[in-house]
Amino acid sequence: MARPDMGERKGPSSGGRFGGGGGGGGDRDRGERGDRGDRGDRGGEEGGRRGFSRRKVCRFCADKNLKVDYKDQGQLKYFLTERGKIIPRRISGNCAKHQREVATAIKRARVLALLPYSVAAA
Amino acid sequence: MAEAEKRFVREYETTYLLKSETPDDQVEEIKERLRAVVGREGGKVIRFTNQGKRKTAFPVAKQVKALYMHCLYIGRPGLVAEFERNLKMIDSVTKFESVRLADDVDFDARQVEADVKVTPVEEEQRPRPEFGERGDDFEASFEERGEE
Numbered sequence: 001m002a003r004p005d006m007g008e009r010k011g012p013s014s015g016g017r018f019g020g021g022g023g024g025g026g027d028r029d030r031g032e033r034g035d036r037g038d039r040g041d042r043g044g045e046e047g048g049r050r051g052f053s054r055r056k057v058c059r060f061c062a063d064k065n066l067k068v069d070y071k072d073q074g075q076l077k078y079f080l081t082e083r084g085k086i087i088p089r090r091i092s093g094n095c096a097k098h099q100r101e102v103a104t105a106i107k108r109a110r111v112l113a114l115l116p117y118s119v120a121a122a
Numbered sequence: 001m002a003e004a005e006k007r008f009v010r011e012y013e014t015t016y017l018l019k020s021e022t023p024d025d026q027v028e029e030i031k032e033r034l035r036a037v038v039g040r041e042g043g044k045v046i047r048f049t050n051q052g053k054r055k056t057a058f059p060v061a062k063q064v065k066a067l068y069m070h071c072l073y074i075g076r077p078g079l080v081a082e083f084e085r086n087l088k089m090i091d092s093v094t095k096f097e098s099v100r101l102a103d104d105v106d107f108d109a110r111q112v113e114a115d116v117k118v119t120p121v122e123e124e125q126r127p128r129p130e131f132g133e134r135g136d137d138f139e140a141s142f143e144e145r146g147e148e
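Residue numbers (the numbering used here), protein chains in the order written: chain E, 1 to 122; chain Y, 1 to 148.
Simulated from the structure, these hints should not be mistaken for lab results.
Warning: the hint list may mix true and false statements.
What the hints assert, rightly or not - Derived pair list, reagent style BS3-like, types lysine-lysine, alpha-carbon separation capped at 27 Å: (1) K85(E) <-> K53(Y); (2) K71(E) <-> K95(Y); (3) K53(Y) <-> K97(E); (4) K85(E) <-> K65(Y); (5) K88(Y) <-> K107(E); (6) K67(E) <-> K88(Y); (7) K77(E) <-> K117(Y); (8) K6(Y) <-> K107(E); (9) K77(E) <-> K44(Y); (10) K6(Y) <-> K71(E); (11) K88(Y) <-> K71(E).
What the hints assert, rightly or not - Beta-carbon label-pair distances, calculated as ranges: (12) P59(Y) <-> D69(E): 22 to 28 Å; (13) V57(E) <-> V118(Y): 29 to 35 Å; (14) V57(E) <-> D24(Y): 45 to 51 Å; (15) V57(E) <-> R33(Y): 43 to 49 Å; (16) P88(E) <-> V112(Y): 42 to 48 Å.
It should be emphasised that the depicted structure is a prediction, and the values quoted were computed from it without experimental measurement.
Idealized CB from N, CA, C, for every residue including glycine.
Whole structure, please, built from the sequences with the hints as guidance.
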């Protein structure tokens with residue numbers, strides 16, 4: 001799969017100077033081998049741990065003055081996906097208490113048509 | 001003796017939506033009607049807030065805009081039921097929501113405030129990176145590992 005892609009990319013440059021054509025071919029081969037080696041390494045590590053987890057802090061715990069308010073749609077929008085779903089705690093980083101408050105607030109705001117129940121795909 | 005006379009009530013707030021074409025005098029009329037209801041039930045209206053006509057997240061009563069009214073009041077628990085019953089009877093009210101704010105509010109100590117009219121804030125339309133997305137960072141973390 002990688003071969004035609006790389007051939008296209010190399011095409012214009014090798015077309016410019018004919019002498020370098022052979023050298024280009026050599027590069028291509030080396031590149032491919034290198035790719036395969038990388039993939040093998042990745043596969044080995046994937047089984048162990050998945051990605052980095054940046055430490056997330058609950059924004060309401062960090063700022064004591066910040067209150068969850070169902071009338072403040074700008075603030076609550078932050079906890080909604082584009083489809084209007086509530087963002088889970090593992091992604092938003094909220095603590096249990098504040099995630100509960102946020103969820104209730106979003107549901108209240110939906111009743112008042114401040115926030116959508118669902119958004120159709122664009 | 002003075003303590004025995006103290007009346008402890010609860011503080012509530014109700015937000016109700018009116019149809020956007022409701023004339024101003026009718027908005028005032030509804031306000032006075034609700035104030036009378038709260039008074040009759042032994043409560044007290046702290047203030048009414050007119051939050052202005054705002055765009056709703058979805059069409060309400062086949063309209064894209066609605067007039068948001070907010071009422072802050074204190075009273076006994078039964079008051080909310082009566083308040084909402086009255087809201088249901090008014091045709092131009094399309095939606096409402098009541099929330100308890102505080103318990104054990106001193107009835108006489110809570111001062112009545114003047115009615116407020118707030119101009120609606122225009123929403124800024126700024127694209128925001130999606131929270132659930134783990135596009136670039138996620139890929140980058142893999143590439144870094146591959147080089148090691």
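Violated constraints from the hint list, given by number and in increasing order: Those not satisfied are hints 3, 6, 8, 9, 10.
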